[in-house]
Amino acid sequence: MKSRIVLDVSKLPLHGMGNASLTWWGTCAFMLIEGSGFALAIAVYFYLMSMAPEWPINAPAPDLWAGTWLTILLVASVIPNILVSSWAGKSDLRKVRIGLVVMSLMGILPLALRIFEFPALHILWDQNAYGSITWVLLGLHTTHILTDLIDTLVLACLMFSKHADNPRRYGDVEDNALYWNFVVVAWLPIYACIYWVPRL
Amino acid sequence: MQSAWDAQGHSAEVLKHLMLGIIGVCTLIWLLVVLMLFAALVKRRGQAPLQGEHAERKTRLVVYLSVAVTTIIVAGLTLASFFATRDLVVGRDMDLTVRIKGQQWWWQVTYEGSSFGPRFQTANELHIPVGRNVRLELESIDVIHSFWVPSLAGKQDMIPGRMNVLTLRAERPGVYRGQCAEFCGLQHSHMALMVVAQDDDQYRRWAQAQALDAAVPDDTEVQAGRAVFMRKPCAACHTVRGTEAQGSSGPDLTHVGGRRTIAAGLLETTRGSLAAWTADPQTLKPGTNMPIVPLTSEELQQVSAYMETLK
Amino acid sequence: MVGPVQRSVRLISAYAACAAAIGLAAGIGWMREPRQYRTDPAVSHDLENFRLMKNGIGGAPPDVYFALGKPYETTAYDLSQGKRLYSWFGCAACHGTGEGGKGPSFIDGWWLYGPSMVSIVASIRDGRPHGMPAFRDRMTTDEIGQLAGYIKALGAYAATNSAPSRNDDKHSRPAENRAPAAALFEQGPVPMHPDQGPSP
Amino acid sequence: MTGVDRISPDVLDLDLQDAEVERHLSRTWGTSPGFWGAIATVDHKVIARRYIATAFVFLILGGLLALAMRLQLARPESRLIDPDRYNQIFTMHGTNMMFLFAVPVMGAMAIYLVPLMVGTRNVAFPRLNAFSYWIFLIGGSLLWLSFALDAAPDVGWFAYVPLSGPQYSPGKRTDLWAQMITFTEVSALAIAIEVVVTVFKQRAPGMSLDRIPVLVWAMVVMSFQVIMAMPSIMFASTTLILDRLVGTQFYNPAEGGDALLWQHLFWFFGHPEVYIIFLPAVGMVSSMLPTFVGRPIFGYLALVMALITTGILSFGLWVHHMFVVGLPRMGESFFTASSMAIAVPAGIQIFCWLATLWLGRPVFRVPLLFIIGFIVTFVMGGMTGVMVASVPFDTQVHDTYFVVAHFHYVLVGGAVFPLLGAIYYWFPKMTGRMMSETLGRWAFGLIFVGFHLTFFPMHILGLQGMPRRIYTYQPELPWSGLNLFISISSLILALGFLVFFVDVLRSWRHGLPAGPNPWGASTLEWATPSPPPPYNFLRIPVVQDRNPLRPEDKELPVAAGLRVDRRELLVTSVVEALPEARESSPQNSIWPFWAALATSFMLVWSIFSPWAVVWGAIPVAVALIAWFWPKGTPEDEA
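Residue numbers (this note's numbering), protein chains in the order written: chain A, 1 to 200; chain B, 1 to 311; chain C, 1 to 200; chain D, 1 to 638.
The shape of chain A in the complex, shown without the other chains (with noise of 0.2 Å):
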C-alpha cells in the first residue's frame, strides 16, 4: 500500500521525560506487581492471626527500638531522595553526583538497621506461622531495600562515568527515586503489621 506523510515528527525530542518515559511506566508496573505482592503478604498476615488463638503465636511483641528507628530513617530518607529527583529533573549532575552517594548511605544503613530487626522479632521463621510471616515480611522488604540499594550504586557509579550527562540517565535516576518512595511508603503498613498489630 502506497503512503501518504501527514505527521512531521522530527521535532520530538529524543527522549520522553516523567510520564512520557517508557521507564517511568515500567516502574510503575513493577511497583504495582511488588504492591500487589506486598498487599498480598499483609493479607495474609491478617489471616493466619484471624486463625490464631493468640497473636502473637508463643512469643512476645517485637522489640521497637530498631523498626523505629528503621522506619524513621526511611520516612527521612524521603527527603533528599525527592531532592535528588528535582534535581535530576534539572539535569544537575554535580548535585545528582553528591544526592546519589547520600540516598547509597540511606541505603545501607537502614540494612544494616534490619539486621537487628530479625533478633528484635524474639521468634524463628520456623516456629510458628506467626514466625513465618513475620521473617517472610521482613525478608520480602530487606530484597526491596536490597535490589534498591543496588540500582542506586550502580547509578551512582554510572554518574561518574562518561555516560553520566544524558536525559536517560537523569530520567533513570528519577525512576529510582520514585522506586525508592515506594521501598519507604510500603515499608509503613508492614511496620505497623509487625510491630504495632501484636500490640493491640
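Bear in mind the hints are in silico, worked out from the structure with no lab data behind them. Incorrect hints may appear among the rest.
Simulated pairs of lysine-lysine, DSS-like, Cα-Cα distance not exceeding 27 Å [claimed, not checked]:
1) K95/A / K162/A
2) K2/A / K95/A
3) K101/B / K170/C
4) K58/B / K43/B
5) K54/C / K70/C
6) K232/B / K58/B
7) K554/D / K2/A
8) K170/C / K102/C
9) K311/B / K232/B
10) K631/D / K11/A
11) K162/A / K554/D
12) K90/A / K631/D
13) K95/A / K631/D
14) K90/A / K162/A
Assemble the complex: chain A is given as a structure, and chains B, C and D must be docked to it using the hints.
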C-alpha cells in the same frame, strides 16, 4: 449405586431437583443461542453486510433485551440455589453422631454412643438408620480427603486441623457407595466406602453386634489363623478387639468379615479376596501402606479363614 | 557445493549430536528416581542376609542392597515412609521425636551401636539390651529398612537432599532436612570410644 | 549493525526515498546472522514466533499425556500405568497445559500482534521480552526433564497442601513444580509489563483509546490480571518451598498455619488465570470476526466494557473453587452471586458477536469455522459454569468428571478454538504463506467433533459419581462403557490436531504466498508486508479511524521524521495518542540470555539449598548490570 441421579437421601433429592431445573434452563438458553447463531449464519447469505446507525438500531434493542433477560435468569438461578441450600437443612435434632476420619487410603468410622447404640469403632463401612438425621463429623488424619456419597448428599471436604459437619438422612434402605473426591495421593482411586441404610431395628442389632469383641474361634484352622495373625506383623497395625492385636495404624478388623468390602471398597469380602489381599496388597493397591507380609500358603489360608470368621 | 572440510565438520557435529543425545539419555537413566512400592518377596528375603560383626556393631549389608542403590538411605520416598513407621510403631514412646527419653537420643551425635545401616537394622529387628524390643515379628524387612534409613537420616550431622522435611505437627526440633543432629551434637570431652560411643 | 556506511544522525527518513529508508532500517533493526545473533535478538516477532512454537510443542507433549491417560482409563482396573506414574501424568498435563501452553501462548500472541496492531516497531522492553522467553523455555524444560527423571510433581496442578507439603510429598517433586511456577510467573509478568507499556505509550499517532482494536484491549486487561494475580501464586509457591525447605509453618495447622490458606492464595490467582487465558481469545474472536462478515464489530464499546468488567469481577470469585471446604454459608452465597454475575459480561460478548454475524454476510473460511465452533462450545462451557457456580449444585459435581468436562469446554472451547482460528488467520502474517483451506476444514471438523465426543460424556460420568484424578476404577462401577467411548473419541480429537500440525508444517514451506493483506482485514498489522520486516513499518502509520485500513482507502497516512541510523520509535500520550517523543528502542543484546541462565541457575539451586538465593543472586546481579550498562550506541543518545 454411586450416582447423583440415584437420589435416596434427603439432600440428594433436593439437589437433584435443583440440578434438573438448572440444567433445563441452561440447555434451553444454549439451544436459543445456537439457534440464533445459525439463523445469523444463513440469514444474509448472498446479501451485502449492513452497516451504519440505522441498521444497528433494531439489533441493539434485541441485544439490550437479551442482556436484560440474561441478568434476570442469572438472578433467578442464584435465588434458586439459595433456596435449595436452605432446604438442605433437616432440622437441628440429630439422632446419631458419627465421626469419620479420612486417611491414606481408608476411612476410620467412630460411632458416638447414643440411644441407637453404644460407642464403637469400625472402618470403611457406615451403617445408618433410615429416616434419621445422622450427624457426620468429618476430619482428616493426614491430607485433605472429601466425603462423598452422591446418592445421599453432596460432598464435604475433610481437612486436617478442621472439622466439617455433614448431615445424612437416607430416605430408603439400601447400600450406597461413596468415594473420596479430593485427590489424596497414590491410592485416591481406591478409597471408597459403603453406606448401609437400614431400618431402626436392623441398625440397632448391627450396632450392638459391632460393639462386641471379636468372636473366639473354635475351629482349629481358624485358631491357627488367629495365632498367625498375632505372631506376624498383622497385629502391629490392626486392632481385633478382645485379643492382643491393638495396632491403630490400619483399619479395625474386629468385624471385618461382616463388612461388604475390604481394602476400602476394593474387593468384595470373600475368603478368596481376603487371601489375595493379604498375600499381595501392593499389587492390588500399589503404594498402600499395608506391606507384603511373607506367609506360607498354609499360613495364608489360616489367616484368611480367621478373617472370614470375624463377623 | 559441499567441500571436504564442511563435510567432515558436518560428520563430526552429527556424531557429537548423537553422543550428546546418548549421554543425555544415559544421564537421565542414571539420575532417574523411581519409587519402589512393592519389594519383591525374594528381594526382601535377600535383604535379610546382612552380616553383623560379633560385637553387634557394624557389618556388611547384602550385595543386593548395593545393587538396589542403597534405597533405604537415598530414596526420599523410603525415608518418608520410615518417618511414618516411626510414629506408627510407637518409637516416640521411648525416643521422643528423636531427642530420646527412656531410650537413647538419635540426634546427639552418639550412636550406641554405631551409625551404620546394618547396626540400626539389627537393633530394630533383633532388639538390644536395656529395653529395646525386637520388631522382627511386627515389621516386614522392607519396613525395618525404611525405618532404619529414616533414623540414620535423623541422626546425620549433615542433611542429605532426600531427608524428609518437617511434619505437619507440633514443632519440637529442627526438621530432618535441616540436620537436627548438627544443632544438638556436642562433642564430649572424651574422644570417640572404641565401641563408638559411651556405654549406657 | 555496525555497517561501514553508517549515515549521519541528522539524516531522517523524511529526506530519503522509500527504498533507501528500507535499506537503512533493515540494517538498524535486523537480527545478526549466526547462532549468537539468534540468541541476542530482541525482535518481538522472532521472539513471539519462538514462544508460540515452544508453547505448541508443549501442547503436543501435554496432548500425548492426555492420550496416555485415556489409554489407561479405557478399561477398568487397567494396569498399563501405575498410580505413581498416572499421578505424575495428570499433574504434568494440567501444569503443562495451564502454565506452559495456555498462558504463554496467549502472551506470545500478544507480543507478536500488539506492536503490529498499534503500529509501532517493537514492544516496550524488548530485552525483557527476550529474557522472558529464555526463562519460559528453561522453566518448561525443567518440568519435562523432571518427568524424564521420574521426579515429576505428582500432587495435581493445584498442589493442595498438605499433600504437597513437607510431610506427604517426599523428594524434590513438588519443589520442582513450585519452582517451575516461579519461572512461568516471571515470564508472564515480563510480558504483561511489556504489553501494558506498549499499548499505553507506543500506539500510532491518532490511535486514541476508543480506536484501539478489541484484541489489544483484551491483551491489556489480560496483562493487568497477570500483574494483579501472579503475585498471589508467587507468594504461595514461595511459601510452599519455604515450608518444605527451611521448615516455615505457613500450612501447618498445629503451629498456627492453615491448609485452606493455600487454597485461597492459589485460587485468588487460579480463577483470574482462566480469564487470563480466555480474554485474549475474546479479543482474537472480536478482531477476526469483522473480516469474515464484511462489517465492523457490533458494540465495540460494550465489548471493551465487558472485557474490563470481566477482568475486575474475575478477582471476586475464587471461593467458588472452595464450595465444599466448609466455609460460612453467607460467604458462599456471596460467591455464588458473583460467580453467576460474571455470566452477564460474557453474555454481552456473545450477543455482540451474534449481532455482528446477524448484520454481516459471513464468508465461511477456516477462522470463521473456528469462531462458530467457539461460540457453540464456549456457551456450553459457560452454562456448566453457571451450574458449578451454584453452591448446592457444586457439592454434587465438584472434583468430578463434570468439572473436568466443564473446564475443558471453557478452556479448549473458549480459548483453544479461537487460538487455532487465530493461527489460521495470522499465519500468513507470520510466515508470508497461507495455510490450506482444505486441511483446515478437516482439522476443524475432526477437532470439533472429536472434542465434543470426548468431553460431553464426561458430564454424565461426573453426575454418575466418577471423581477426577483417579487412575482407575472398578469394573462393577457403571463407568466403563462411557470411558471406552471417550478414549476412542479422544483419538479423533488427536487426529484433528495432527492434521492441524501437518498443515502448519506443510504451509510453512509450501503454502501459497500471501500478500500483505490476504483477508482484506482492517487492522494495522495488515498494512505491512507478510512477514513484516524487522522494523514492522517503513513509516509509522497515522490512525484516523477505528478501522485504519478501509477498503476504499488507497493510501495509508503515515508519520515521518524518525532517524534511520538508530532504533527509533514514537512515544505517544496515553489517551489521545498524540506524539510526545522519538524514543529509542534497545538494540540486540546477549545479556538477557545470560541473565536468564543466571536466574535459572539460582532458582534451580534454591530447590536444594536456601543459600542459593544469596550466592546465586550475584551472577544475576552481574548479568543485569551488564544488560543495563550503556554501551555508547546511538540508541543511548538523547
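For a C-alpha distance cap of 27 Å, please report whether K162/A and K554/D respect it.
violated (49 Å)
Does the structure keep K170/C and K102/C at a Cα separation of 27 Å or less?
holds (21 Å)
Hint consistency between K311/B and K232/B [alpha-carbon to alpha-carbon, up to 27 Å]:
Holds, at roughly 21 Å.
Do the alpha carbons of K232/B and K58/B lie within 27 Å of each other, as the hint requires?
Since the Cα atoms of K232/B and K58/B sit roughly 83 Å apart, the hinted pair is violated (cutoff 27 Å).
Would you mind confirming whether the straight-line C-alpha gap from K95/A to K162/A stays at or under 27 Å?
holds (16 Å)
Hey, K90/A versus K631/D, does the alpha-carbon distance stay inside 27 Å?
holds (24 Å)
Please work out if K95/A and K631/D have their alpha carbons no farther apart than 27 Å.
Distance ~24 Å between K95/A and K631/D Cα, so the pair holds.
Given the hinted pair K54/C and K70/C, is their Cα-Cα distance within 27 Å?
holds (23 Å)
Given the hinted pair K90/A and K162/A, is their alpha-carbon gap at most 27 Å?
Cα-Cα ~19 Å, so holds.
So if I understand the rule, the pair passes when the alpha-carbon distance is 27 Å or less; does K2/A with K95/A pass?
violated (51 Å)
Take the C-alpha atoms of K58/B and K43/B, compute the straight-line distance between them, and say whether it is at most 27 Å.
Given that 27 Å is the threshold and the Cα spacing comes to 16 Å, the pair holds.
Restraint status (C-alpha distance of K101/B to K170/C at most 27 Å):
holds (20 Å)
Comparing the model with each earlier hint shows violations of hints 2, 6 and 11; every other hint is respected.
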